[in-house]
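Trainee: Here are the chains, one letter per residue:
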Amino acid sequence: MERKFVCIICPNSCQIKVEYENKTIKKIIGAQCPKGEAFVKNEIANPLRVFVGSVKVTNGNFKLVSVKTPIPIPKKYLKHIGKLTHSLEVEAPVAIGQTIALNLLNEKIDLVATRKVNKIIN
Amino acid sequence: MKITNNHYDVVIIGGGVVGCAIARELSKYKTSIAVLEKEDDVGWGISCRNSGVVHAGFNYKSGTLRAQLCVEGNQSFAKLCQELDVPYKKIGKVVVAQKKEEIRELKKLKAQGEKNKVEGLQIIDSAELKRLEPNVKGIAALYSPETAITSPYLLTIALAENALRNGVSFFLNTKVKNIVKLKNSDFRINTNKGEFTSSYVINSAGLYSDKVAHMVEKDKYRIYPCRGEYHVLDKNASWIINRLIYPVPKAGTGGLGVHFTPTIDKNILIGPSNEYIKQKDNLSTTSQIMKLLSTETQKFLPLISSRDIIRSYSGIRAKQAPPSEGGYWDFVIEESNSVNNFINLIGIESPGLASAQPIAKRVVEIINKKEKLSPNSNFNPLRKGILRFEEQDKATQKALIEKDPDYGEIICRCEKVTKKEILEAIDNPLGVKDLISIKYRSRAMMGRCQGGYCLTRIIELLREKYHLNPQDITLKGEHSSLLTGYRSDEVKIC
Amino acid sequence: MLKEKEVIIIGGGAAGLAAAVACQEKGIEDILIIERNAYLGGILNQCIHDGFGLEKFNSSLSGPEYAQKYIDQVKEKKIPFLLDSMVIDLSTQKEVTVINRQGLQHYRAKVIILAMGCRERTRGAISIPGTRPAGIYTAGVAQELINLKNYMVGQKIVILGSGDIGMIMARRLTLEGAEVVLVAEKLPYSSGLPRNINQCLYDFDIPLLLNHTVIDIKGNGRLSEVTLAEVGKRGGIIPKSKRKVACDTLLLSVGLIPENELSRQAGIVLSLITAGPEVDERGQTNVPGIFACGNVLQVHDIVDNVSLEAEYITEGILDYLQGRISESQEIKMTLGAGLRYVVPQKIFTIKDTIFSFRVNQPGKKKTLVFEEDQKLIKKKYFPRVNPAEMLRVKLSSSELKDINKLKVKLV
Numbered sequence: 000m001e002r003k004f005v006c007i008i009c010p011n012s013c014q015i016k017v018e019y020e021n022k023t024i025k026k027i028i029g030a031q032c033p034k035g036e037a038f039v040k041n042e043i044a045n046p047l048r049v050f051v052g053s054v055k056v057t058n059g060n061f062k063l064v065s066v067k068t069p070i071p072i073p074k075k076y077l078k079h080i081g082k083l084t085h086s087l088e089v090e091a092p093v094a095i096g097q098t099i100a101l102n103l104l105n106e107k108i109d110l111v112a113t114r115k116v117n118k119i120i121n
Numbered sequence: 000m001k002i003t004n005n006h007y008d009v010v011i012i013g014g015g016v017v018g019c020a021i022a023r024e025l026s027k028y029k030t031s032i033a034v035l036e037k038e039d040d041v042g043w044g045i046s047c048r049n050s051g052v053v054h055a056g057f058n059y060k061s062g063t064l065r066a067q068l069c070v071e072g073n074q075s076f077a078k079l080c081q082e083l084d085v086p087y088k089k090i091g092k093v094v095v096a097q098k099k100e101e102i103r104e105l106k107k108l109k110a111q112g113e114k115n116k117v118e119g120l121q122i123i124d125s126a127e128l129k130r131l132e133p134n135v136k137g138i139a140a141l142y143s144p145e146t147a148i149t150s151p152y153l154l155t156i157a158l159a160e161n162a163l164r165n166g167v168s169f170f171l172n173t174k175v176k177n178i179v180k181l182k183n184s185d186f187r188i189n190t191n192k193g194e195f196t197s198s199y200v201i202n203s204a205g206l207y208s209d210k211v212a213h214m215v216e217k218d219k220y221r222i223y224p225c226r227g228e229y230h231v232l233d234k235n236a237s238w239i240i241n242r243l244i245y246p247v248p249k250a251g252t253g254g255l256g257v258h259f260t261p262t263i264d265k266n267i268l269i270g271p272s273n274e275y276i277k278q279k280d281n282l283s284t285t286s287q288i289m290k291l292l293s294t295e296t297q298k299f300l301p302l303i304s305s306r307d308i309i310r311s312y313s314g315i316r317a318k319q320a321p322p323s324e325g326g327y328w329d330f331v332i333e334e335s336n337s338v339n340n341f342i343n344l345i346g347i348e349s350p351g352l353a354s355a356q357p358i359a360k361r362v363v364e365i366i367n368k369k370e371k372l373s374p375n376s377n378f379n380p381l382r383k384g385i386l387r388f389e390e391q392d393k394a395t396q397k398a399l400i401e402k403d404p405d406y407g408e409i410i411c412r413c414e415k416v417t418k419k420e421i422l423e424a425i426d427n428p429l430g431v432k433d434l435i436s437i438k439y440r441s442r443a444m445m446g447r448c449q450g451g452y453c454l455t456r457i458i459e460l461l462r463e464k465y466h467l468n469p470q471d472i473t474l475k476g477e478h479s480s481l482l483t484g485y486r487s488d489e490v491k492i493c
Numbered sequence: 000m001l002k003e004k005e006v007i008i009i010g011g012g013a014a015g016l017a018a019a020v021a022c023q024e025k026g027i028e029d030i031l032i033i034e035r036n037a038y039l040g041g042i043l044n045q046c047i048h049d050g051f052g053l054e055k056f057n058s059s060l061s062g063p064e065y066a067q068k069y070i071d072q073v074k075e076k077k078i079p080f081l082l083d084s085m086v087i088d089l090s091t092q093k094e095v096t097v098i099n100r101q102g103l104q105h106y107r108a109k110v111i112i113l114a115m116g117c118r119e120r121t122r123g124a125i126s127i128p129g130t131r132p133a134g135i136y137t138a139g140v141a142q143e144l145i146n147l148k149n150y151m152v153g154q155k156i157v158i159l160g161s162g163d164i165g166m167i168m169a170r171r172l173t174l175e176g177a178e179v180v181l182v183a184e185k186l187p188y189s190s191g192l193p194r195n196i197n198q199c200l201y202d203f204d205i206p207l208l209l210n211h212t213v214i215d216i217k218g219n220g221r222l223s224e225v226t227l228a229e230v231g232k233r234g235g236i237i238p239k240s241k242r243k244v245a246c247d248t249l250l251l252s253v254g255l256i257p258e259n260e261l262s263r264q265a266g267i268v269l270s271l272i273t274a275g276p277e278v279d280e281r282g283q284t285n286v287p288g289i290f291a292c293g294n295v296l297q298v299h300d301i302v303d304n305v306s307l308e309a310e311y312i313t314e315g316i317l318d319y320l321q322g323r324i325s326e327s328q329e330i331k332m333t334l335g336a337g338l339r340y341v342v343p344q345k346i347f348t349i350k351d352t353i354f355s356f357r358v359n360q361p362g363k364k365k366t367l368v369f370e371e372d373q374k375l376i377k378k379k380y381f382p383r384v385n386p387a388e389m390l391r392v393k394l395s396s397s398e399l400k401d402i403n404k405l406k407v408k409l410v
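Residue numbers (numbering that gives the first Met the number 0), protein chains in the order written: chain G, 0 to 121; chain L, 0 to 493; chain B, 0 to 410.
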């Protein structure tokens with residue numbers, strides 16, 4: 000197998016070609032630094048991504064608070080987590096970095112807030 | 000809701016500019032009137048999809064109804080717009096010749112116009128054309144000072160609102176299925192919303208007037224749809240022309256040629272093309288015609304660039320002249336010979352807008368001859384539209400905000416439409432909730448960003464006012480939901 | 000009543016906030032930010048994805064987090080701002096009319112900073128033929144509806160244009176449970192950042208069709224179908240390539256246009272290429288005392304550069320306020336091969352100057368060359384260039400010294 004990647008680690012956007020069989024890497028061409036090599040190794044073995052999404056807020060100056068996983072999670076869970084955010088709800092106020100959900104899918108996936116939401120008094 | 004036992008003296012089928020003008024004209028008399036309109040709002044057919052020109056009347060063969068009613072309509076249009084608080088500007092028009100042989104055509108048009116009693120027509124030379132319209136390419140022109148512009152949809156809405164206020168009932172979303180002449184000589188009109196009965200039926204169904212006529216009298220008329228496409232230009236290009244710029248019309252086509260229309264709102268329209276099509280509801284624009292519009296623009300106004308285009312749309316003419324023949328047949332405004340009290344309006348294409356009021360008067364005359372209608376002493380000819388904040392001077396603007404802070408919130412940034420105006424448009428007398436109706440009434444979403452800034456805000460205002468679910472917000476009519484629902488589960492309606 | 004201000008900033012988004020903070024840090028006290036929304040931060044509020052701040056803060060932030068860093072500073076420094084307030088008039092004399100629920104207010108400032116951002120190009124502007132059903136959105140409007148208003152715009156989505164917002168929305172909609180059928184791009188290369196192609200499209204097996212565009216739209220109420228076609232080498236449609244794609248939503252990510260309606264009013268000369276004001280080495284427009292930064296000046300691809308640009312122009316603003324600008328002879332700038340534009344367009348005085356560029360087409364192993372006649376002034380090597388990525392190069396005052404003409408080219 001052969002796959003081409005664009006490294007997403009830094010703005011250099013190295014175009015890296017990887018030759019591999021099953022999950023064993025045979026050759027990496029085009030990475031300008033070790034980070035790029037590490038990135039493609041991960042991409043073949045277990046690609047990780049930061050999830051970003053939204054969660055409903057009640058009584059806030061925004062209807063939604065944006066959330067993310069504090070660390071990258073396995074790519075395969077992204078859609079599941081997306082679905083789960085539909086049924087979450089949090090009460091304003093919300094601070095940046097506040098934990099919104101813990102241990103989703105029993106996979107130690109947490110969500111933290113990335114928006115400040117003020118409480119509005121009706 | 001089923002409507003039963005709905006009897007009216009007159010049922011008007013079709014809420015276009017002509018149907019609404021008839022409704023208003025009839026409401027000057029003691030009669031009960033209903034307008035049945037198949038769409039969610041008035042004016043969604045031909046009436047909102049034309050150049051908005053109040054023609055002077057020199058294009059039409061002398062002695063025809065089209066010539067006669069157009070001139071009559073042109074002369075009384077300012078008063079009508081004043082009564083109804085509808086914008087109107089007599090900006091004049093030039094028909095531009097680019098070849099020597101076209102000058103002969105200009106002279107013919109002038110002579111025809113004079114015969115039709117159009118005032119002020121002059122042939123001008125290239126120097127005078129240059130003075131009037133420095134950016135137009137041409138060697139001579141016919142100048143018509145009496146040609147004016149209006150807002151065709153605002154006029155239709157205003158006529159409807161004034162008619163409503165004077166007692167006319169409007170049934171929107173009401174599509175006529177069939178019509179039966181009963182033994183007592185009344186009509187029974189079956190619709191998707193139930194039955195109506197009436198003594199008179201006025202067939203003002205525009206593109207579908209042949210179908211409606213066919214319901215009582217087989218195969219008498221046929222309407223051929225003839226589409227015209229337009230481009231709308233950014234207001235930043237409005238300085239390029241001062242008046243309506245027309246080419247010399249070509250014989251045997253379905254329209255007056257691609258022309259350039261300054262609109263009431265300071266955009267320029269380029270178009271319409273003319274193309275006979277098969278389906279009466281095919282409002283597509285096409286790449287072929289877009290190219291043609293560009294070519295025509297280059298011929299007359301090379302300063303206009305495709306960068307200036309902010310939107311394209313099309314309208315459809317209701318033509319009686321078949322594609323093989325082209326050109327124009329005269330308006331039909333008459334009671335059916337075989338079905339008493341059934342009045343047909345057929346082939347009302349251009350200049351239908353200019354002629355709407357005189358057409359309405361003709362229809363009332365037909366009924367009056369038979370019924371001796373007595374005047375409605377409560378008739379009020381006046382109607383107020385939505386006050387345009389942007390058009391007011393600074394002192395008035397200040398006073399308005401002080402009186403109502405909703406004037407202090409600009410919702411549509413391009414057209415500078417305030418929250419107050421949008422709320423008034425949402426709370427319109429006909430109770431129409433579609434986004435396009437709010438657009439027509441308020442001008443919001445008509446500017447260069449096409450709702451990029453204000454759409455979400457208007458959705459929220461609309462939901463608040465009518466307690467709508469997200470999926471109930473429609474752009475234009477049935478099955479035109481803008482949103483598929485909430486992003487996340489939510490049962491609460493705000 | 001005319002209220003006097005030292006600096007008025009029109010727009011409280013990324014550019015306006017950074018400019019305000021930088022002005023204050025330079026000792027300018029009398030500042031006013033005017034923001035039309037109910038909150039500061041502008042478009043960053045709806046950009047909930049991460050990747051912001053890699054350069055400024057050395058971490059990957061979401062849009063709201065990035066904005067909050069500046070909002071906190073504005074509040075800490077007690078820089079005054081107006082919310083829900085829109086500037087409706089701007090004059091050459093630097094008089095500003097603001098409208099809000101309190102009424103009309105008139106200001107006059109010594110310096111105006113234009114920071115109004117940009118708007119999206121629409122279907123109308125690119126003249127896609129067809130009907131006009133519901134379900135056609137610019138990517139940013141869809142983003143606002145989903146990320147700020149909690150609405151869903153559709154279930155089966157085609158995206159035209161591979162701008163960054165379009166690709167970000169492809170991922171967003173996928174994660175929200177919609178099906179993104181494909182992304183079509185008219186050009187032979189994407190107009191977005193390479194890493195977005197990777198993490199927004201390829202991660203979810205969303206095809207990116209280069210050299211493809213939408214040539215017809217069908218649907219009377221709601222959108223039901225678009226026709227896709229391949230674009231030939233000369234820009235024409237290849238007839239055999241036409242195919243119909245069923246969908247209920249078409250998102251457009253076909254370009255951003257700097258929002259310069261107020262600039263026009265004030266008689267500011269706009270560039271035909273950037274659609275932003277033509278500025279000098281200080282970010283000053285042709286109207287003395289009116290400066291521009293951020294997307295109103297040129298559309299950026301990275302918000303960090305917006306902040307940097309905003310901070311950069313405050314040096315010139317301070318010079319202006321302290322009467323230190325003495326205009327000398329204009330240095331004539333010319334644009335050579337390979338470049339679409341350069342900002343600033345003009346240079347009057349010699350100072351350390353940051354130049355921003357966009358290239359015409361993607362390329363590898365390119366060198367940006369600054370020269371006077373044939374004399375080399377400076378060169379900078381780029382392993383890879385891409386029209387989607389703005390290039391920024393600083394020339395020091397010593398490098399610019401004694402120059403009468405400056406030519407820039409990419410070789």
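Simulated from the structure, these hints should not be mistaken for laboratory data. Since the model is a prediction, treat every value here as computed from it, not as a measurement. Treat the hints with caution; some may be incorrect.
[Said to hold, decoys possible] Result set (DMTMM-like, lysine to aspartate or glutamate): computed pairs, CA atoms no more than 20 Å apart in a straight line: (1) Lys75(G) - Asp83(B); (2) Lys155(B) - Glu401(L); (3) Lys109(B) - Asp83(B); (4) Lys74(B) - Glu310(B); (5) Lys397(L) - Glu371(B); (6) Lys55(G) - Glu477(L); (7) Lys217(B) - Glu477(L).
[Stated by the list, open to error] Stretch-level coverage of chain L by chain B, calculated; a stretch enters the list once three of its residues show a Cβ under 8 Å from a Cβ in chain B: (8) 307-315; (9) 386-399.
[Stated by the list, open to error] In silico negatives: residues of chain B with every beta carbon more than 12 Å from chain G: (10) Lys68; (11) Leu269; (12) Glu277; (13) Tyr340.
Where is the CB? At the ideal position from N, CA and C, for every residue including glycine.
Trainee: Hint by hint, note whether the structure agrees.
Mentor: Taking the hints in turn, this is what the structure says about them:
| no. | hint | verdict |
| --- | --- | --- |
| 1 | Lys75(G) - Asp83(B) | violated (42 Å) |
| 2 | Lys155(B) - Glu401(L) | violated (47 Å) |
| 3 | Lys109(B) - Asp83(B) | violated (23 Å) |
| 4 | Lys74(B) - Glu310(B) | holds (18 Å) |
| 5 | Lys397(L) - Glu371(B) | violated (56 Å) |
| 6 | Lys55(G) - Glu477(L) | violated (30 Å) |
| 7 | Lys217(B) - Glu477(L) | holds (16 Å) |
| 8 | 307-315 | holds (count 5) |
| 9 | 386-399 | holds (count 3) |
| 10 | Lys68 | violated (10 Å) |
| 11 | Leu269 | holds (29 Å) |
| 12 | Glu277 | holds (28 Å) |
| 13 | Tyr340 | holds (20 Å) |
Violation of the numbered hints given earlier is confined to hints 1, 2, 3, 5, 6, 10; the remaining hints are satisfied by the structure.
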